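Protein sequence lines, in the order shown, are assigned to chains U and E.
The opening residue of the first sequence carries number 15 in my numbering; numbering runs sequentially from there.
The opening residue of the second sequence carries number 15 in my numbering; numbering runs sequentially from there.
Calculated from the structure, these hints are not laboratory results.
It is possible that part of the hints are untrue.
When chains are identical, the list treats them as one kind, so a pair holds in a single copy or across two.
Derived DSS-like pairs (lysine-lysine); straight-line CA-CA distance at most 25 Å [unchecked claim]:
#: 1; residue 1: Lys114; residue 2: Lys150
#: 2; residue 1: Lys324; residue 2: Lys65
#: 3; residue 1: Lys271; residue 2: Lys141
#: 4; residue 1: Lys65; residue 2: Lys269
#: 5; residue 1: Lys325; residue 2: Lys242
#: 6; residue 1: Lys293; residue 2: Lys20
#: 7; residue 1: Lys127; residue 2: Lys24
#: 8; residue 1: Lys271; residue 2: Lys325
#: 9; residue 1: Lys280; residue 2: Lys202
#: 10; residue 1: Lys20; residue 2: Lys65
#: 11; residue 1: Lys56; residue 2: Lys324
#: 12; residue 1: Lys20; residue 2: Lys127
#: 13; residue 1: Lys242; residue 2: Lys114
#: 14; residue 1: Lys24; residue 2: Lys150
#: 15; residue 1: Lys324; residue 2: Lys89
#: 16; residue 1: Lys202; residue 2: Lys65
#: 17; residue 1: Lys24; residue 2: Lys89
#: 18; residue 1: Lys20; residue 2: Lys114
#: 19; residue 1: Lys325; residue 2: Lys16
#: 20; residue 1: Lys280; residue 2: Lys20
#: 21; residue 1: Lys317; residue 2: Lys269
#: 22; residue 1: Lys271; residue 2: Lys298
#: 23; residue 1: Lys202; residue 2: Lys150
#: 24; residue 1: Lys89; residue 2: Lys65
Just so you know, these numbers come straight off a predicted model, no measurement behind them.
Protein chains: 2
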Amino acid sequence: MKAFEKNIRKVEPYVPGEQPGRRVIKLNTNENPYPPAPGVQKAMEQISPDKLRMYPDPTASVLVDSLAEYYGVNKDQVFVGVGSDDVLSMCFLTFFNSEKPILFPDITYSFYKVWADLYRIPYICPKLMDDFRIRKEDYYQENGGVIFPNPNAPTGIYEGLEFVEDIIAHNQDVIVIVDEAYIDFAGKSALELIDKYENLIVVQTFSKSRSMAGMRIGYAISNPTLIKYLNDAKYSFNSYTMNQAALVCGAEAVKDKVYFEETVQKIVETRAWSVEQFKELGFKCLDSQANFIFVMHPEYDAKEMFEALKKEDIYVRFWGSERIEQYMRVTVGTREEMEALFAFLRRYIKGE
Amino acid sequence: MKAFEKNIRKVEPYVPGEQPGRRVIKLNTNENPYPPAPGVQKAMEQISPDKLRMYPDPTASVLVDSLAEYYGVNKDQVFVGVGSDDVLSMCFLTFFNSEKPILFPDITYSFYKVWADLYRIPYICPKLMDDFRIRKEDYYQENGGVIFPNPNAPTGIYEGLEFVEDIIAHNQDVIVIVDEAYIDFAGKSALELIDKYENLIVVQTFSKSRSMAGMRIGYAISNPTLIKYLNDAKYSFNSYTMNQAALVCGAEAVKDKVYFEETVQKIVETRAWSVEQFKELGFKCLDSQANFIFVMHPEYDAKEMFEALKKEDIYVRFWGSERIEQYMRVTVGTREEMEALFAFLRRYIKGE
Numbered sequence: 015m016k017a018f019e020k021n022i023r024k025v026e027p028y029v030p031g032e033q034p035g036r037r038v039i040k041l042n043t044n045e046n047p048y049p050p051a052p053g054v055q056k057a058m059e060q061i062s063p064d065k066l067r068m069y070p071d072p073t074a075s076v077l078v079d080s081l082a083e084y085y086g087v088n089k090d091q092v093f094v095g096v097g098s099d100d101v102l103s104m105c106f107l108t109f110f111n112s113e114k115p116i117l118f119p120d121i122t123y124s125f126y127k128v129w130a131d132l133y134r135i136p137y138i139c140p141k142l143m144d145d146f147r148i149r150k151e152d153y154y155q156e157n158g159g160v161i162f163p164n165p166n167a168p169t170g171i172y173e174g175l176e177f178v179e180d181i182i183a184h185n186q187d188v189i190v191i192v193d194e195a196y197i198d199f200a201g202k203s204a205l206e207l208i209d210k211y212e213n214l215i216v217v218q219t220f221s222k223s224r225s226m227a228g229m230r231i232g233y234a235i236s237n238p239t240l241i242k243y244l245n246d247a248k249y250s251f252n253s254y255t256m257n258q259a260a261l262v263c264g265a266e267a268v269k270d271k272v273y274f275e276e277t278v279q280k281i282v283e284t285r286a287w288s289v290e291q292f293k294e295l296g297f298k299c300l301d302s303q304a305n306f307i308f309v310m311h312p313e314y315d316a317k318e319m320f321e322a323l324k325k326e327d328i329y330v331r332f333w334g335s336e337r338i339e340q341y342m343r344v345t346v347g348t349r350e351e352m353e354a355l356f357a358f359l360r361r362y363i364k365g366e
Numbered sequence: 015m016k017a018f019e020k021n022i023r024k025v026e027p028y029v030p031g032e033q034p035g036r037r038v039i040k041l042n043t044n045e046n047p048y049p050p051a052p053g054v055q056k057a058m059e060q061i062s063p064d065k066l067r068m069y070p071d072p073t074a075s076v077l078v079d080s081l082a083e084y085y086g087v088n089k090d091q092v093f094v095g096v097g098s099d100d101v102l103s104m105c106f107l108t109f110f111n112s113e114k115p116i117l118f119p120d121i122t123y124s125f126y127k128v129w130a131d132l133y134r135i136p137y138i139c140p141k142l143m144d145d146f147r148i149r150k151e152d153y154y155q156e157n158g159g160v161i162f163p164n165p166n167a168p169t170g171i172y173e174g175l176e177f178v179e180d181i182i183a184h185n186q187d188v189i190v191i192v193d194e195a196y197i198d199f200a201g202k203s204a205l206e207l208i209d210k211y212e213n214l215i216v217v218q219t220f221s222k223s224r225s226m227a228g229m230r231i232g233y234a235i236s237n238p239t240l241i242k243y244l245n246d247a248k249y250s251f252n253s254y255t256m257n258q259a260a261l262v263c264g265a266e267a268v269k270d271k272v273y274f275e276e277t278v279q280k281i282v283e284t285r286a287w288s289v290e291q292f293k294e295l296g297f298k299c300l301d302s303q304a305n306f307i308f309v310m311h312p313e314y315d316a317k318e319m320f321e322a323l324k325k326e327d328i329y330v331r332f333w334g335s336e337r338i339e340q341y342m343r344v345t346v347g348t349r350e351e352m353e354a355l356f357a358f359l360r361r362y363i364k365g366e
């Protein structure tokens, strides 16, 4: 090892879901199968070259304003970032500076652990119950902060507002982050609680329900005090994270409520239909309220099935990690994509 | 103070140059006065909605490949990020983990100090000499890493390759980062040295010479070993930082070498002409090799002049900080913009 390598930070890099170059049935990264709102393309085409040569507005006001209007909050209650990964990472850095461990479920979004390690934040991961639900009493213990997704990933299980409020209410001396990447496919958002609890931050994303994973936009909504702390931290890193295209396309996407609701509705319907199909084939499905379904088959090995699907150019997600070795996570695609999936699974399972 | 505020990270936020909403003569943030290469707008218009709904390629290969080809290096020698701020911040995080202080000049890009504080990296800032040049012997002391811009900012002073190599050669046990945001307006790049020194990283940006501050693209070029460390750190933060628009527009910009060289040439010519104008008015100009000029007038107070200019809707940059209280940094705009600046300064100074 060279002398200069001694002080280099070594990390375990996260392995994202595969992005195959060729056209496949891609049900592995929870993308929306429908394109963004029609206005988005137009907004992109109208970005003038003059806008490209200049720094973007560091306050991202066009995007912040549109989100504030949509959610009926003030502009100083919205923070935007490069996908919810950027927003969440900034939240970890800003809010989790206690000596006490933060809490998040053992089975959840895998980046929480990565950011905690990166920022040297101690953590404890209470185990999900056997039915993969969060036990809220696990979050009553002393801690340095709490984060959990609702719906949780990769389970898809959604907990109602009372449950969420109970965790927030038991943790008023620390920051509680509710990661709502999939909330639009589920139920009530914890946004209803931000006026009631000063320690609450709700994080959402454009990557799922708004069909814009490619533009990298996430946001946090909270009270002005916490949002200011986040902005201060962000400005000290990199003042201009949101490029011109993200700003104008994002703002445009938020405006088209009708298109948004139609798209979400189609996915929710396809999800219900897909769950039926899975069950008919003997799969066990968790009760997903997200745009994916977490499934296992008591008689077929998940890894073998995952690989058989891949050979057919049908990509789903498989981790093989503890407690979920027999599960696959399947994104809800278009009805046609799901039909192709089930046609294969019928052959695989029933020999049809 | 609320209990939950105790563990919130408090930072001194960086104050970026103003971005006024209305049309002004904007010579305060070193943007390029010319639009990006014509192909860029077309590339933007051709991004399909399907690309927007999907996650971007986490390896950013279309952009990485175009840079590798342009600079005649391999693909595994290029790292890209959200502006050079993102790239530099990731370099600090990845490479500066020694107990020993890193070194950078006292007068330089103000973010170095901010990132060092953020990541709790100790640092020493050797003083520039009285003529605002770096004294290379200051960088012979024991340290945990070295970073300096060439040309330096906000002085604009460029040091030749021998000088740069001397600093690198004296620091082969640590990582040396040469921040070349303005190199295309100056002279030889330290890129020539990356095969010779394993501890060297060269960072550049699309925000200045490539007229794309609005798209947020920066990059580092080094050997495959150091680039892999950077990518590992980046993937552990946020796998998808570069959105689709940045990827395709960036790749397109790199292809148009003729347009790039013409634009740079125009700015270099306007710079030479502007220096003459400043001198005629009695200003002292440092020998700038960047797209800005660092000036002071022995008889006129910089702060008053800065404010008088602002009243005329001519924005330049002024810090008022130690050793540079009497200096203003003026971005080289178009010839027309500079003529408007000098017309005002002639009135201000000569009462014309």
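Quick one: Lys293 to Lys20, C-alpha cut-off 25 Å, is that within a copy, between copies, both, or neither? neither (53 Å within a copy, 50 Å between copies)
Checking an output row: Lys324 and Lys65, CA cutoff 25 Å. Within, between, both or neither? Classified as between: cross-chain Cα gap 22 Å, same-chain 43 Å, threshold 25 Å.
Within, between, both or neither: how does the pair Lys20, Lys65 come out at a Cα-Cα threshold of 25 Å? So Lys20 and Lys65 fail the 25 Å test inside a copy (43 Å) and across (41 Å) alike.
Could you figure out if Lys56 and Lys324 sit no more than 25 Å apart (CA to CA) within one copy, between two copies, both or neither? Answer is neither: 35 Å inside a copy and 35 Å across each miss the 25 Å cutoff.
With identical chains, the pair Lys24 and Lys150 could be close in the same copy or across copies; at 25 Å between alpha carbons, which is it: within, between, both, or neither? Answer is neither: 35 Å inside a copy and 31 Å across each miss the 25 Å cutoff.
Please sort Lys20 with Lys127 into within, between, both or neither, judging by C-alpha distance up to 25 Å. The answer is both: 24 Å in one copy and 23 Å across copies each meet 25 Å.
When Cα atoms must be at most 25 Å apart, do Lys325 and Lys242 count as within-copy, between-copy, both, or neither? neither (49 Å within a copy, 30 Å between copies)
Are the CA atoms of Lys24 and Lys89 at most 25 Å apart within a copy, between copies, both, or neither? So Lys24 and Lys89 pass the 25 Å test across copies only (21 Å; inside, 39 Å).
Which holds for Lys317 with Lys269 at a C-alpha limit of 25 Å: within a copy, between copies, both or neither? neither (42 Å within a copy, 43 Å between copies)
Under a CA distance limit of 25 Å, which applies to Lys202 and Lys150: within one copy, between copies, both, or neither? The answer is within: 18 Å in one copy meets 25 Å, while 61 Å across copies does not.
Evaluate Lys89 and Lys65 at a C-alpha cut-off of 25 Å and name the case that applies: within, between, both or neither. within (23 Å within a copy, 30 Å between copies)
Intra- versus inter-subunit Cα pairing at 25 Å for Lys127 with Lys24: Answer is both; intra-copy 15 Å and inter-copy 23 Å each pass.
Consistency with the previously given hints fails for numbers 3, 5, 6, 8, 10, 11, 14, 15, 16, 19, 20, 21, 22, ordered from lowest to highest.
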